[in-house]
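*Asks:* If you want the building blocks of each chain, they are given just below.
There are 2 protein chains.
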Amino acid sequence: MSDSDRAIPDFAAIEQAVRRLEGLAHRTPILTSAYFDQRTGAELFFKCENFQKVGAFKFRGACNAIAALTDQQGRRGVVTHSSGNHGQAVALAARLKGYPATVVMPDNAARVKIEAVRDYGAEIVFCEPNTPARAAAVERVLAERGGVFIPPYDHSDVIAGQGTAARELLEDCPGLDVVIAPVGGGGLISGTAIAVKHLKPDCRVIAAEPANADDAARSFRSGKIEPVASTTTIADGLRTSLGELTFAVIRDHVDDVVTVSETAIIDAMRQVWERMKIVIEPSCAVPLAALLEGKIEVTGQRVGIIVTGGNVDLDAMGTLLARI
Amino acid sequence: MSDSDRAIPDFAAIEQAVRRLEGLAHRTPILTSAYFDQRTGAELFFKCENFQKVGAFKFRGACNAIAALTDQQGRRGVVTHSSGNHGQAVALAARLKGYPATVVMPDNAARVKIEAVRDYGAEIVFCEPNTPARAAAVERVLAERGGVFIPPYDHSDVIAGQGTAARELLEDCPGLDVVIAPVGGGGLISGTAIAVKHLKPDCRVIAAEPANADDAARSFRSGKIEPVASTTTIADGLRTSLGELTFAVIRDHVDDVVTVSETAIIDAMRQVWERMKIVIEPSCAVPLAALLEGKIEVTGQRVGIIVTGGNVDLDAMGTLLARI
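Residue numbers (full-length UniProt numbering), protein chains in the order written: chain D, 1 to 324; chain S, 1 to 324.
Derived by calculation from the structure, the hints in this document are not laboratory data. Yeah, the Cβ is synthetic: ideal placement off N, Cα and C, and Gly gets one too. Please note: incorrect hints may appear among the correct ones.
[Unchecked claim] Non-contacting residues of chain S with respect to chain D, defined by C-beta distances greater than 12 Å in every case (computed):
hint	residue
1	THR32
2	THR70
3	ASP119
4	ALA137
5	ARG140
6	ALA211
7	THR231
8	ALA248
9	LYS277
10	GLY300
[Unchecked claim] One side only, chain S facing chain D, incomplete, derived with CB under 7 Å:
hint	residue
11	PHE51
12	GLN271
13	TRP273
14	ILE278
15	VAL279
16	GLY310
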């Protein structure tokens with residue numbers, strides 16, 4: 001990556017991302033819910049990135065990073081590793097720009113995710129399901145084929161791309177008092193914080209994460225990156241540790257990091273399906289779970305929530321629901 | 001019911017319903033799906049009544065019928081029977097107008113449906129789960145307490161209310177070539193046909209129903225009402241037979257009635273959850289199932305689909321999914 005990829009993006013970078021994503025990403029709708037307003041005593045605005053292309057906000061960051069390449073760079077191909085939404089996002093964004101893509105995936109990845117990446121036209125390279133094997137596979141692909149690595153979160157253009165969701169949210173709902181987003185690697189919450197604090201400095205920005213993967217909360221309190229311990233949290237999109245860029249943004253621009261129990265996550269997810277009639281994935285339910293558990297004071301306030309994605313394995317649904 | 005309740009409503013009645021529903025019902029969004037467009041070779045517009053109040057289009061009809069009452073009539077209370085969405089619709093519509101409501105429900109109704117009706121403030125009278133017991137319970141309630149009976153579909157104001165969904169759909173998508181809705185008792189498809197044939201006479205109107213509850217298809221072909229046989233179709237909202245009014249509208253204004261298999265219904269429902277990230281109930285998947293099974297010729301056409309509701313019992317989900 002170049003030096004500029006390692007810089008913390010400013011609001012101008014988010015504005016540039018907005019222009020790059022035009023015609024490529026959806027402007028997602030904002031839903032409301034009388035039921036959850038009544039439950040929380042607040043006015044909630046759900047920014048529905050589950051309706052985004054590939055079913056998750058991840059498309060914004062990957063697409064911005066890929067659209068930022070010169071055509072010469074892009075034609076040499078893009079490479080990433082992912083067992084989840086970022087792989088699909090890179091695959092589709094590359095296809096829309098006409099660039100080849102290679103996605104390194106663990107050989108135990110869910111069949112449905114492998115098929116999705118393949119359907120978007122990317123080549124898949126399998127590796128053993130551990131971090132050293134994954135890094136080695138990416139290195140090998142880059143050495144053999146060249147191309148540009150598009151990391152999942154710790155990258156200037158990825159963060160700026162994710163920030164476009166909050167920018168749209170504040171454009172549609174300018175009077176928000178607080179914006180909440182989940183935190184895993186931190187790309188989304190970083191972009192969100194940069195956008196919100198520029199557009200409405202007195203609006204609080206809160207990160208929410210599973211108590212079973214509380215690296216962001218610990219890092220926020222201690223002031224240094226504390227990696228996540230091995231975790232089986234149901235919120236599989238939030239099992240990663242913060243990066244250097246995302247940690248710096250969270251430390252400087254996020255007001256608080258709160259944690260929620262596994263039961264609260266599944267309960268919130270289920271209630272969203274039942275009451276709002278939208279499909280969200282477990283990671284996506286974490287901010288609402290924090291509200292329903294009373295972890296964030298919002299009485300009488302206007303609250304924006306980034307609804308991050310809707311990619312669930314329906315075959316595993318029965319098991320999920322049986323846990324509560 | 002009065003004579004006017006037994007008249008076939010015209011488009012003016014639907015326009016009147018629009019005015020009555022203002023501020024009471026949601027104007028629901030219309031979603032599109034690149035995936036299903038590609039699968040069907042058509043351009044699909046999904047009118048999302050699963051986002052309607054009580055999670056189903058049924059609110060429109062019940063609310064129109066209740067809003068049509070004089071205050072004196074309404075204060076004496078409204079009465080209905082339902083094991084599903086119509087009961088919730090009557091309960092909420094009555095509450096919004098400040099009228100008491102009584103809902104006769106079978107004593108084996110799902111707990112979640114009983115609670116929903118109760119949460120909307122209606123009184124519940126239980127009866128044995130068969131038609132004579134249900135009719136007797138309604139008669140008893142009306143004799144003891146008075147009040148107005150709001151039937152689930154064979155009623156002028158109910159049909160007119162259901163027609164407001166298609167009117168909104170055509171207002172937002174004026175160029176439709178065909179509109180498809182499921183048919184159970186026929187209230188929705190009747191209102192839809194009246195609205196569509198008035199606004200765009202060359203737009204086809206197609207009813208879709210489960211092959212396992214094909215009374216509308218048989219009645220349409222034979223020219224007389226043929227009641228549904230006992231059925232266990234997964235599309236539990238479509239197990240009822242046509243009424244006199246709804247049959248007359250279908251006979252005169254609907255272009256065709258198509259039927260689909262149980263497997264196609266479950267498969268379509270699952271694909272909507274996975275691809276569109278919205279929760280729909282089995283009855284609601286029937287029109288899309290007809291398209292995916294090639295039962296309606298739509299190549300290159302603009303197709304409106306009424307997405308009727310999203311009230312599923314998530315506890316039964318695993319069983320549903322296991323059937324495919």
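*Asks:* Now tell me, hint by hint, if it's right for this structure.
*Replies:* Status of each hint after checking the structure:
| no. | hint | result |
| --- | --- | --- |
| 1 | THR32 | violated (10 Å) |
| 2 | THR70 | holds (28 Å) |
| 3 | ASP119 | violated (10 Å) |
| 4 | ALA137 | holds (28 Å) |
| 5 | ARG140 | holds (33 Å) |
| 6 | ALA211 | holds (24 Å) |
| 7 | THR231 | holds (25 Å) |
| 8 | ALA248 | holds (33 Å) |
| 9 | LYS277 | violated (4 Å) |
| 10 | GLY300 | holds (24 Å) |
| 11 | PHE51 | holds (6 Å) |
| 12 | GLN271 | violated (10 Å) |
| 13 | TRP273 | holds (5 Å) |
| 14 | ILE278 | holds (6 Å) |
| 15 | VAL279 | holds (4 Å) |
| 16 | GLY310 | holds (3 Å) |
Of the hints listed earlier, those the structure fails to meet are numbers 1, 3, 9 and 12, in rising order.
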